[in-house]
Structure formats: C-alpha cells, structure tokens
Amino acid sequence: MFMKFYRKTIFFSFSIIAVFILIFSWIYPYSMLSIHKSYTYEPDPLVIKEYVQDIKDFKRSSQADLKKSEMTEKFMNILEMFQQHWLLSKKPVIMDEQQMEFLFAEVKESRHSLLQLLITEDFSKEERSFLIPAIEELLTLEESIVQLSLAHTASRATINLRCRNLHINFINCFHAYETFYHAQSK
Numbered sequence: 033m034f035m036k037f038y039r040k041t042i043f044f045s046f047s048i049i050a051v052f053i054l055i056f057s058w059i060y061p062y063s064m065l066s067i068h069k070s071y072t073y074e075p076d077p078l079v080i081k082e083y084v085q086d087i088k089d090f091k092r093s094s095q096a097d098l099k100k101s102e103m104t105e106k107f108m109n110i111l112e113m114f115q116q117h118w119l120l121s122k123k124p125v126i127m128d129e130q131q132m133e134f135l136f137a138e139v140k141e142s143r144h145s146l147l148q149l150l151i152t153e154d155f156s157k158e159e160r161s162f163l164i165p166a167i168e169e170l171l172t173l174e175e176s177i178v179q180l181s182l183a184h185t186a187s188r189a190t191i192n193l194r195c196r197n198l199h200i201n202f203i204n205c206f207h208a209y210e211t212f213y214h215a216q217s218k
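Per the working numbering, the sequence shown starts with residue 33, numbered consecutively.
Rather than coming from a laboratory, the hints here were simulated on the basis of the structure. Among these hints, one or two may not hold up.
[Stated by the list, open to error] Listed next, the in silico BS3-like pairs over lysine-lysine satisfying Cα-Cα at most 30 Å (straight line):
| id | residue 1 | residue 2 |
| --- | --- | --- |
| 1 | Lys88 | Lys123 |
| 2 | Lys123 | Lys69 |
| 3 | Lys218 | Lys140 |
| 4 | Lys140 | Lys69 |
| 5 | Lys81 | Lys218 |
| 6 | Lys123 | Lys81 |
| 7 | Lys218 | Lys91 |
| 8 | Lys106 | Lys157 |
| 9 | Lys81 | Lys106 |
| 10 | Lys218 | Lys106 |
| 11 | Lys157 | Lys88 |
| 12 | Lys69 | Lys81 |
[What the hints assert, rightly or not] Pairwise CB distance ranges (calculated):
| id | residue 1 | residue 2 | range |
| --- | --- | --- | --- |
| 13 | His184 | Lys218 | 42 to 52 Å |
| 14 | Ser161 | Val84 | 20 to 30 Å |
| 15 | Ser45 | Met108 | 57 to 67 Å |
| 16 | Lys140 | Tyr38 | 52 to 62 Å |
| 17 | Arg39 | Leu78 | 51 to 61 Å |
| 18 | Asp154 | Glu82 | 31 to 41 Å |
Glycine included, each C-beta is placed from N, C-alpha and C at the ideal position.
With the hints as constraints, model all of the structure from the sequences given.
Structure, rendered in structure tokens:
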C-alpha cells in the first residue's frame, strides 16, 4: 500500500516537473531549460511584399551599372546578404542558434567588405558620406543579432519584437546600402 502511494507520488511529481518545463520552454524559447532553442518568426506580409519589390527594383536599376570588377563582386556578395530566405519569405521561419550565428557571420563579412572599400577605393566626400551610414547600419544589425541570440530570459513576446526589429534593421540597412550604391555609381 505504501509503495503504491510512493510510486504515484513520484509519478505525479515528475509529471508536474515535465509540464512545468514544457510550459517554461514555450514561454521562454531561448532559456536554458528549453530543449530546442528556437523561435518561429512570422513576418508581416506587407513588409515582405514591399521589401521584395525594393530588392527587385534595386537589382533592375543596378544591372546597367555593373561592370566586372572586384568592387562589383563585393557589391553582389553584400546584396546576397539582403536576399536571405528569412527576409523574403512570407511563411513562418525558424530562428535558432545556428541561424543567429549564420546571420552574424554574414553581417560581419559585409561590414568588413564595406570597410575594405572605404580603405582601398578613392570615394568622393559625398560617396563617403553615404558609405559611413551603411557601415553604421551593419553595426546596428550586429548588435541586434547579438541581443536576440543572448535573449535567454526573454519571453516569446520579447523575442517576437526583437525578430521584427531585426527584420526592420535589415531593411533599413539595405536602404542605406542602396543609397550608397547609387551615389557611387553616378
């Protein structure tokens, strides 16, 4: 009789703990208790539609300007960063640690490319005035990615807000890059 009660108590205790961990993992997806540290981000379809159109317009307008050079290659590599699947997809996208590391590496590489251009190319004062904000936007992107990847105590609502902010930061960065590109291609 005592053993039966003891088994039921242990089973009940483990069940309560398991339910608590599941609920906690759902509310805090990047927490240490979470089994799969990921969050499914659902982008705003209107924002995506406008952004995809901006990318298409930029590609169309830049096709005539592109001449095969090392600088062109750098510009195309940076443009690829702005065409990542999660930025263009209207469907929900899983944001996990691996995705964050990839994003961080892409942004850092793009920032290094623009810094390299700043050092090696002879840009006019006006062109530099557009290049520097593009580099600053990339730094802002890096900070946003780090904040999101270190959000161990953040709730789903906070992570959703940070994902949206990251998405908007990518769009702002693209527009700064686009402005610089058009300024230097005149």
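Hint-by-hint comparison with the structure:
In summary, the hint linking Lys88 to Lys123 is supported, as the alpha carbons are separated by about 19 Å, within the 30 Å threshold. Pair hint Lys123 plus Lys69 holds up; C-alpha atoms about 20 Å apart against a cutoff of 30 Å. Between Lys218 and Lys140 the alpha-carbon distance is near 27 Å, which keeps this suggested pair within the 30 Å criterion. The suggested pairing of Lys140 with Lys69 holds, with an alpha-carbon distance near 23 Å, which does not exceed 30 Å.
Between Lys81 and Lys218 the CA atoms are separated by roughly 28 Å; this keeps the pair inside 30 Å, and the hint holds. Proposed proximity of Lys123 and Lys81 is supported: the alpha carbons are some 12 Å apart, at most 30 Å. Annotation: proposed proximity of Lys218 to Lys91 holds, straight-line Cα distance about 16 Å (limit 30 Å). Between Lys106 and Lys157, the direct Cα distance comes to roughly 21 Å. Compliance with the 30 Å bound is thereby established for this hinted pair.
For a cut-off of 30 Å, the pair hint linking Lys81 to Lys106 stands: about 26 Å separates their Cα positions. With a CA separation close to 18 Å, the supplied pair Lys218 and Lys106 stays within the 30 Å bound. The straight-line distance between the Cα atoms of Lys157 and Lys88 is roughly 29 Å, inside the 30 Å bound, and the hint therefore holds. A hinted pair counts as satisfied when its Cα atoms are at most 30 Å apart, and Lys69 with Lys81 qualifies at roughly 29 Å.
Between His184 and Lys218 the CB atoms are about 47 Å apart, so this pair conforms to the stated range of 42 to 52 Å. Between Ser161 and Val84 the C-beta distance comes to about 29 Å, which sits within the given range of 20 to 30 Å. At roughly 59 Å, the beta carbons of Ser45 and Met108 sit within the given window of 57 to 67 Å. A hinted range of 52 to 62 Å holds for the C-beta pair Lys140 and Tyr38, which are about 56 Å apart.
Arg39 and Leu78 have their C-beta atoms about 56 Å apart, which keeps the hinted 51 to 61 Å range intact. The beta-carbon spacing between Asp154 and Glu82, approximately 35 Å, falls within the hinted interval of 31 to 41 Å.
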